[in-house]
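Number of protein chains: 2
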Amino acid sequence: MLDQKMEIIVEHVYKEILNQLSRQNNSQHTVSQEKEALTRAQLAKYIDHTLLRPDATEAEILQLCREAQEYGFATVCVNPIWVKLCSDQLAGSGVQVCSVIGFPLGASTTCLKVEEAKRAVSDGALEIDMVINVGKLLGKDFSFVYNDIRRVVETSEPALVKVILETCLLNDEQKVAACAIVKKAGAHFVKTSTGFNRAGATVADVTLMRQVVGQEMGVKAAGGIRNYDTAVAMIRAGADRLGTSSSVEIVKAR
Amino acid sequence: MLDQKMEIIVEHVYKEILNQLSRQNNSQHTVSQEKEALTRAQLAKYIDHTLLRPDATEAEILQLCREAQEYGFATVCVNPIWVKLCSDQLAGSGVQVCSVIGFPLGASTTCLKVEEAKRAVSDGALEIDMVINVGKLLGKDFSFVYNDIRRVVETSEPALVKVILETCLLNDEQKVAACAIVKKAGAHFVKTSTGFNRAGATVADVTLMRQVVGQEMGVKAAGGIRNYDTAVAMIRAGADRLGTSSSVEIVKAR
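Protein chains in written order, with our numbering: chain A, 1 to 254; chain B, 255 to 508.
If you're looking for bench data, these hints aren't it; they were derived computationally from the structure. Be a bit skeptical, because a hint or two may be false.
Stated by the list, open to error - From chain B, some residues computed to sit far from chain A (all C-beta separations above 10 Å):
id: 1; residue: Glu314
id: 2; residue: Phe357
id: 3; residue: Arg373
id: 4; residue: Tyr400
id: 5; residue: Asn401
Unchecked claim - Now the stretches of chain B that chain A is said to cover, found in silico as 3 or more residues with beta-carbon under 8 Å:
id: 6; region: 333-346
id: 7; region: 381-395
Model, not experiment: these values are computed from the prediction. Glycine is no exception: its CB is placed at the ideal position from the N, C-alpha and C atoms.
Starting from the given sequences, assemble the full structure and let the hints guide the process.
Listed below in structure tokens is the structure:
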């Protein structure tokens, strides 16, 4: 059903999106105004409170969980080794646990991503941030990219799946292609960046991604969001989730 | 057998090593002289020809394999998604395939590292470069770190296992502890760095690691080795394997 047709679909979507973007410049302002009225608690609900450094210790992860409860962040976003600990800490708190998968290179096999997602969910993760296979996308193996995501989505149910594009490695056409594939694969969010490559989220990328996926999917901005102004700029551009390690500083500025 | 004793062992080894280092400053010169006489072909055999960028395409991986055959590098070092392709390309060539595992954060679960190693070996990898769990090491959970490595070593047989310490995140005491644990776990090499964190191999780290593991184990220097002089400096300091993406440039300078 999919294989060679995917390239045609992607090209079609790409043209449609660029047309839309050139016509549509005014519709976002009403949304922006509304977003400015966010309370601190509402802002906190946009945030995946994130700690992905390889040298993060158990003590730091526990601190992350305490902060997430105190401020009411949407999730804590951690490496797989910490998912179980966070789930135990956060049980009943309303803060979910988000695990990264195939992170940050996205260059493990599909089988491994599936296995990793399965275990993260069984350890208590209700959100899964997987990295797309960038090399396969650049090589136009869209069928591979689709299946890589689709299988993780199927495995992870009922968890939400966010798919990281690593936008700093993609041109606009590739970003659109990636968004179209992610949407078709049934994932719940597209996400800009791992925060481990040469650049993070930009307003332009978030705007583009929101245009491609429409309103039925989420857009997560991550990487380089270190203060309140940047956070608000990303929300105005269309992000409905933010990944950041500066979460406490950001909500305190509200 | 292991649990709490490990900390005592590590402290003991650490003191012993520092004593050795303060006494032993002359023994390396004969080795250095000998290493200077390396031919280009001998130098190539020190090198894991490495391409780990997430945006590496199939075309680039095939080019990597061709270069490895042409110059006679020890291995190609690639992400898991490319192991099968490289094994097929390099069958019978004398160039081995090296897969990274838990890379580059080392913060996946032991089960996942084991599963990833198992599949890499079944895809044809004869060398496995795994990343240590840095957070658990810093938290002094030495038993965890030991088991994490030991299980990958057992799973990967007959493949060689190199264990990446990510030295830029460790102080000297932690580097020594890591080397002692890696050796006890039966791995074949200690390796300095992933090349994806803030710094790569240094002469001082390679010297220290060689002192701790002795002559029965390998030491791989990786990260930031971009020219012939750096490569030779690492070999003089005790490295018997180098991980680099500048391999062709390095051997051509010989």
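_Earlier hints that do not hold, by number_ = 1, 2, 3
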